[in-house]
Amino acid sequence: MQESALFEYVLRLSDDSLILAQRLGEWCGHGPILEEDIALTNISLDHIGQAISLYDLAAAIEGKGRTHDQLAYLRYENEYKNVLLVEQPNGDFAMTLLRQFFFDAFRLPLYEALMQSPVEQLAAIAAKSVKETRYHLKHSSEWVIRMGDGTEESHQRAQAAIDHLWRYTNELFYEDAHDQALQAAGKVPSMAEMQAKWMATVTSVLQEATLEIPKNNWKFDGGREGRHSEHMGYILSDLQYMQRAYPNMEW
Amino acid sequence: MSTNEWPLWEVFIRSKQGLNHKHVGSLRAPDATLALENARDVYTRRSEGISIWVVESVHIHATDIDDAASFFEPSDTKIYRHPTFYEVPDGVKHM
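So the protein sequences, as listed, match chains Y and A.
Sequential numbering of the first sequence, starting at 853, is according to this note's numbering.
Sequential numbering of the second sequence, starting at 1126, is according to this note's numbering.
Simulated from the structure, these hints should not be mistaken for lab results.
Be aware that one or more of the hints could be misleading.
[Claimed, not checked] DSS-like cross-link-like pairs, simulated, lysine-lysine; straight-line CA separation at most 30 Å:
| # | chain 1 | residue 1 | chain 2 | residue 2 |
| --- | --- | --- | --- | --- |
| 1 | Y | 1039 | Y | 1067 |
| 2 | Y | 1039 | Y | 983 |
| 3 | Y | 1039 | Y | 1049 |
| 4 | Y | 916 | Y | 1071 |
| 5 | A | 1147 | Y | 983 |
| 6 | Y | 990 | Y | 1039 |
| 7 | Y | 1049 | Y | 983 |
| 8 | Y | 1049 | Y | 980 |
| 9 | Y | 1039 | Y | 980 |
| 10 | Y | 1071 | Y | 1049 |
| 11 | A | 1141 | Y | 980 |
| 12 | A | 1203 | Y | 983 |
| 13 | A | 1141 | Y | 990 |
| 14 | Y | 990 | A | 1147 |
[What the hints assert, rightly or not] Footprint (simulated), chain A over chain Y, 3 or more residues, beta carbon under 8 Å:
| # | region |
| --- | --- |
| 15 | 880-894 |
| 16 | 988-995 |
Since the model is a prediction, treat every value here as computed from it, not as a measurement.
The beta-carbon is built from N, C-alpha and C at its ideal position, and this holds for glycine as well.
Required output: the full structure, derived from the provided sequences and hints.
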């Protein structure tokens, strides 16, 4: 039970990173300025690096000889367990940065807690990734503050992004029997604790940015169970094209 | 040039080996904090540095190329300013 729970848990982390990386990679060559183009693709590459380590760990736990490439490229849509937030379209720069901010504010405390996990490889990946993630959160927070407290238009766009994405944020703290089994065994932190830390970060940054937390509590989920939004199929067709068209190709 | 452009910043990086910051290039950013972040992303992707300085380019004052003759050429003929006229005693090593 615990093996399969841990596999599922690590797969969720890797899928979040992979799909977010794919989205951020779409900015390559299209960034609003050269510097930000490089910043977004740097973050994308950080997440691909994290995904590789996490998929390797997941594959090792599973013990069926699958590689990280097979996990990344050769599963069907309902086998991906990323949250709906990371698969949402880039939209404008505000949408991309708010999506990033909501995700980073979740990932940082999660990695900080996982550094204490008795699952050694997971703790090691968390320790390596936490530095990258701390920078990601700094970068996205700085932008949220500047957009919110910037011009009238940047404020409106940032608030519109928050109002749109808010419905996807609750799923970050999704829990099922897998999580509860791992939490009971002291291997992973509780999601309630993560949510409290996330909310503290979000509240303080949005306040500084003069942006508002939506009153609407309408929530979406499904990604953690493999039920995705209509965008996921398009992402996977881009992501998987090469491996599907030229099986086992390497470069 | 558009007046909507963000200010230009000059970037100086200290490498692991080097004691002093060296000019590596420039970039655009709305303020100093983001200039440092942009410099980190643009100029230290391959572990080039352990410290970054940014200076808004307008704060740098440079010599005028038209003054090069009066500024720099006079020193070309002052060979006595180079310490090459001393006789090195026998037995002094590492000179």
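Can the restraint linking residue 1039(Y) and residue 1049(Y) be considered satisfied, given a maximum Cα separation of 30 Å?
holds (19 Å)
Are there three or more residues in the region 880-894 of chain Y whose C-beta lies closer than 8 Å to some C-beta of chain A?
Result for this restraint: holds, n = 7.
Hinted pair, alpha-carbon criterion (30 Å max): residue 1203(A), residue 983(Y). Please report holds or violated.
violated (54 Å)
Assess, step by step, whether the Cα of residue 1141(A) is no farther than 30 Å from the Cα of residue 980(Y), and give holds or violated.
holds (21 Å)
Hey, residue 1049(Y) versus residue 980(Y), does the alpha-carbon distance stay inside 30 Å?
Holds, at about 21 Å.
Hint check: residue 990(Y) vs residue 1147(A), CA-CA at most 30 Å. Holds or violated?
It holds: about 26 Å lies between the C-alpha atoms, which stays within 30 Å.
Three residues or more, CB to CB closer than 8 Å: is that satisfied between the region 988-995 of chain Y and chain A?
holds (count 3)
Are the Cα atoms of residue 1049(Y) and residue 983(Y) separated by 30 Å or less?
Cα-Cα ~18 Å, so holds.
Would you mind confirming whether the straight-line C-alpha gap from residue 1071(Y) to residue 1049(Y) stays at or under 30 Å?
With Cα atoms ~19 Å apart, residue 1071(Y) and residue 1049(Y) stay inside 30 Å; holds.
Does residue 983(Y) lie within 30 Å of residue 1039(Y) when you go C-alpha to C-alpha?
holds (21 Å)
For the pair supplied as a hint, residue 990(Y) and residue 1039(Y), is the alpha-carbon distance within the 30 Å limit?
Status holds; Cα separation ~28 Å.
Agreement of residue 1039(Y) and residue 1067(Y) with the hint, judged by alpha carbon distance not exceeding 30 Å
violated (34 Å)
Going down the numbered hints, you'll see the structure goes against 1, 4, 12, while the others check out.
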